[in-house]
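Using the sequences and the hints given, assemble the complete structure.
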Amino acid sequence: MSSKRKGGNSTNFNFRPQTESKKWETKGTRPLPNPVTVQETLLTMVVQFCRKVIFFNTKLRVLLYIAGLFLSFIFDVLPFPKSYFSRTDNIFNQYFVKIGWGWTLFLTTPFVLLTSFTYCCGNRKMVLMHLSRLGIATAVWFIFTKMFSLIEINFGKCSRTVLKTKNSCISDGYFWHSLDISGHAFILMWSTLVIVEEARVMTGWESIKDLIRNESHCRTTNEPDIASPLKKLTDDEFLFMRSSYNNFTLYVKALFISMTALTIIWDLMIVSTLLYFHIMIEKFIAGLLAAGMWVLTYNYWYVKLKFPPPHPGIGLFKYTKEIDRVKDTSVKNKPYNSLSSKRSGPVPVFPSTNLMKPTEKDRTTKDDINMNLDQDIQKKSDRTKSEETLSQPITTGVTTRSQALRNMRLDGNKTV
2 MSSKRKGGNS TNFNFRPQTE SKKWETKGTR PLPNPVTVQE TLLTMVVQFC RKVIFFNTKL
62 RVLLYIAGLF LSFIFDVLPF PKSYFSRTDN IFNQYFVKIG WGWTLFLTTP FVLLTSFTYC
122 CGNRKMVLMH LSRLGIATAV WFIFTKMFSL IEINFGKCSR TVLKTKNSCI SDGYFWHSLD
182 ISGHAFILMW STLVIVEEAR VMTGWESIKD LIRNESHCRT TNEPDIASPL KKLTDDEFLF
242 MRSSYNNFTL YVKALFISMT ALTIIWDLMI VSTLLYFHIM IEKFIAGLLA AGMWVLTYNY
302 WYVKLKFPPP HPGIGLFKYT KEIDRVKDTS VKNKPYNSLS SKRSGPVPVF PSTNLMKPTE
362 KDRTTKDDIN MNLDQDIQKK SDRTKSEETL SQPITTGVTT RSQALRNMRL DGNKTV
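Each residue of the sequence shown is one higher than the one before, counting from 2 in our numbering.
Keep in mind that the hints were calculated from the coordinates and are not lab data. Backbone N, C-alpha and C define an ideal beta-carbon position, used for all residues, glycine too. Misleading hints may appear alongside valid ones.
Unchecked claim - Listed next, with one range per pair, are the computed distances between beta-carbon atoms: (1) D77 - T110: 33 to 43 Å; (2) K60 - D173: 42 to 52 Å; (3) F71 - D236: 55 to 65 Å; (4) G205 - K158: 53 to 63 Å; (5) I144 - A228: 24 to 34 Å.
Below you can see the structure in the form of structure tokens.
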């Protein structure tokens with residue numbers, strides 16, 4: 002019995018794709034991040050808010066400080082109404098400003114220690130180099146505050162000319178007239194800038210978690226990731242860095258939040274200083290010196306000079322774009338599309354306005370290329386026409402044969 006032939010539109014239900022009998026390949030897949038808890042989400046939101054506060058445009062911040070200190074001459078002429086902050090015994094002045102540099106070191110020292118211990122993979126020499134920045138900042142604070150005190154004592158005079166020293170003048174109830182450069186303005190501004198610069202390692206800190214996850218997968222499956230900044234780490238360095246990051250991140254974030262709160266207090270006290278304390282020239286000089294030392298250290302010494310210490314965030318691997326502004330002699334003067342670039346995608350080529358004029362040889366080569374293109378287009382067009390001619394039905398021969406048969410019949414009828 003012959004089977005009924007199936008129509009062309011019927012579906013073959015006996016067909017089974019070969020992929021069902023094969024297992025899915027896991028090659029090239031990456032592990033997914035772990036689910037995030039509510040506490041982690043709230044902590045991330047707080048950290049993001051702190052980033053907005055502490056990473057406010059630093060250059061603009063400095064300009065606002067300098068402009069505010071300069072414009073404070075208005076309050077020398079028109080005194081601002083008294084308030085709680087105008088009292089020298091207010092809680093912020095007594096327990097924060099007077100020991101301001103101590104508070105700054107209290108938070109920045111463990112922060113620099115834990116973060117550098119992580120991105121330096123436990124290299125003690127590099128960790129000490131990063132900590133030495135705080136030693137330099139402390140030396141700057143000590144030297145300038147002592148210098149301000151010496152200027153006030155040695156270059157002043159008493160309202161009673163008989164008294165020659167500041168202590169004897171004040172103890173007798175007279176006034177000591179001198180240039181009293183504002184140590185508070187210098188400490189507050191210098192502390193804020195140091196905190197801001199040291200906190201820059203938090204830019205992209207969460208991305209280390211993704212780098213660790215992907216690198217762990219690559220090392221387990223023996224699939225090297227060319228673009229991974231962790232590929233140059235040894236197994237011991239990678240394991241140490243992973244352990245440090247997992248153990249210290251919570252403390253790093255807590256210190257970062259505390260540093261942000263301290264920065265807000267310092268900004269508040271800077272406003273209080275420019276409203277109520279010292280005259281304009283004393284505050285303005287202090288602000289210029291603090292800004293100048295910030296430019297000299299964090300924008301020139303740590304960035305452009307090869308002399309240690311390095312800039313914050315410089316370690317055994319690079320995880321944040323903030324480090325890109327640091328001078329890197331290993332890639333200096335290399336073209337953008339160099340083969341040494343680690344970009345995995347195609348390299349974009351941008352038109353340049355300084356192109357050289359084409360030579361006669363270039364014009365000849367261009368004409369030859371255009372001629373070859375025209376010939377190829379003409380050949381393709383002729384080939385297309387030939388194919389169309391061959392594909393048309395031959396109707397001329399059929400018509401001629403039919404006409405011949407008709408003529409033969411007519412001739413036969415005439416003969417009969």
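Each hint tested on the structure:
1. D77 - T110: 33 to 43 Å: Holds, at about 38 Å.
2. K60 - D173: 42 to 52 Å: Holds - the Cβ-Cβ distance for K60 and D173, about 48 Å, lies within 42 to 52 Å.
3. F71 - D236: 55 to 65 Å: This hint holds: roughly 56 Å between Cβ atoms.
4. G205 - K158: 53 to 63 Å: holds (55 Å)
5. I144 - A228: 24 to 34 Å: Violated, at about 45 Å.
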